[in-house]
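Enquirer: Sequence:
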Amino acid sequence: MKEKIYHAIGLMSGSSLDGLDLAYCQLKWENNKVQDWKILLADTLDFSPMWKARLQALPTQNALTFAKTDMYFGYYMAELVNTFIEQHTIQTIDFIASHGHTIFHDPDRRFSSQIGSGAALAALTKNRVISDFRSHDIALGGEGAPLAPLADHYLYPEYDHYINLGGIANISTCRKGVWTAFDVCYANQVLNHLAAELDLLYDKDGIIARSGNVEKPLFEELKKANFYKRKPPKSMSNEWIRKEVLPIYMQYECSVQDKLCTAVEHIVHELANAMYRLNHTTTNSILLTGGGTHNTYLVERLRHFSKLLDKDLVLPNPSHINYKEAVLIALLGVLRLEEIPNSLGEVTGASRNTVNGAIYHGS
Numbered sequence: 001m002k003e004k005i006y007h008a009i010g011l012m013s014g015s016s017l018d019g020l021d022l023a024y025c026q027l028k029w030e031n032n033k034v035q036d037w038k039i040l041l042a043d044t045l046d047f048s049p050m051w052k053a054r055l056q057a058l059p060t061q062n063a064l065t066f067a068k069t070d071m072y073f074g075y076y077m078a079e080l081v082n083t084f085i086e087q088h089t090i091q092t093i094d095f096i097a098s099h100g101h102t103i104f105h106d107p108d109r110r111f112s113s114q115i116g117s118g119a120a121l122a123a124l125t126k127n128r129v130i131s132d133f134r135s136h137d138i139a140l141g142g143e144g145a146p147l148a149p150l151a152d153h154y155l156y157p158e159y160d161h162y163i164n165l166g167g168i169a170n171i172s173t174c175r176k177g178v179w180t181a182f183d184v185c186y187a188n189q190v191l192n193h194l195a196a197e198l199d200l201l202y203d204k205d206g207i208i209a210r211s212g213n214v215e216k217p218l219f220e221e222l223k224k225a226n227f228y229k230r231k232p233p234k235s236m237s238n239e240w241i242r243k244e245v246l247p248i249y250m251q252y253e254c255s256v257q258d259k260l261c262t263a264v265e266h267i268v269h270e271l272a273n274a275m276y277r278l279n280h281t282t283t284n285s286i287l288l289t290g291g292g293t294h295n296t297y298l299v300e301r302l303r304h305f306s307k308l309l310d311k312d313l314v315l316p317n318p319s320h321i322n323y324k325e326a327v328l329i330a331l332l333g334v335l336r337l338e339e340i341p342n343s344l345g346e347v348t349g350a351s352r353n354t355v356n357g358a359i360y361h362g363s
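Just so we're aligned, residue 1 is where the sequence shown starts under our numbering, counting upward by one.
Just so you know, the hints here were simulated from the structure itself, not pulled from any lab data.
Check the hints yourself; a few may be wrong.
What the hints assert, rightly or not - Pairs of lysine-lysine, DSS-like flavour, derived with a Cα cap of 25 Å: (1) Lys311 - Lys223; (2) Lys307 - Lys176; (3) Lys28 - Lys2; (4) Lys243 - Lys231; (5) Lys229 - Lys311; (6) Lys229 - Lys307; (7) Lys311 - Lys231.
All figures in this text were calculated on a predicted structure; none of them were measured in a lab.
Using the sequences and the hints, build the whole thing.
Expert: Written as structure tokens, this is what we have:
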């Protein structure tokens, strides 16, 4: 098959609300594989205070507000993308791939909503846009998540065990060509929420968590959630965290330092359990990515448990850590154009693999 070189911008807006990740990538596609890839330029553009507040409040707003926000957020992302393009004088763009921002995720009732109109994004950037990477999978009974195994498979084939620490922590592993992947627990979304009690955006390097102590009653209460007992496929929603997790933290009178320390210990506990259950991989290395890798204390505690399982945590270069998810979205766009499945039924629980993505032409 003839070699193709794609130049794409991948967009990711995660549940931690730290901004829009943009990765301008080059992906070399040949023989149904990514033969080579690199991040040419990348940045995270902070959301304005107004938009951060609006995204946080949207799950409780009315239908009219939801519909307007979906469209307006598409235009807002387009403004950020145009700024990125102009600042870096980017000339060649084959397409923009956008994940959007998840507001609702309830695959048990077969719906998931990622706002940020692809049509608006295409109209204002005047580029081809690919968006909506979950709907087809969910319509066929899948979770619509996780998407990470596609990046793991195509971009990091030298590993067979992966952990991503984003707003939500997920894990994926491959054994004899068969993938298992699922959301494990909350991560940055809750850590950032707790840090906000001290008027901080996040707990830099986990310094505050390190200064605290594990509140054992809180830790034991957090472990009781049925989600952690469910077998995969499974995915965690932002709404579930808001309704089932954050109220538990709020009812305890301990210090923010102790809450953060307890949260780190609970995250590590659930990830260690997941690693133990999947401890059948052929290599002893686990690729660790996502914004949570900047939390030195979290990684230190996770490394302690991984060594007990005879596994070494490997951190790639910082650009891969920070922008893996944005590159993943660009990859999903390549697979959509090549008409190759970009959601795996064996991972999500859908009745079959699916090709997801709606295409909007900007010019």
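Enquirer: Confirm or reject each hint.
Expert: Hint check:
1. Lys311 - Lys223: holds, 24 Å
2. Lys307 - Lys176: holds, 24 Å
3. Lys28 - Lys2: Holds: Lys28 and Lys2 sit about 11 Å apart, inside 25 Å.
4. Lys243 - Lys231: This hinted pair holds, its Cα atoms lying about 21 Å apart.
5. Lys229 - Lys311: The given pair, whose Cα atoms are some 23 Å apart, holds under the 25 Å limit.
6. Lys229 - Lys307: Cα-Cα ~24 Å, so holds.
7. Lys311 - Lys231: holds, 23 Å
The structure is consistent with each of the numbered hints, conforming to all of them.
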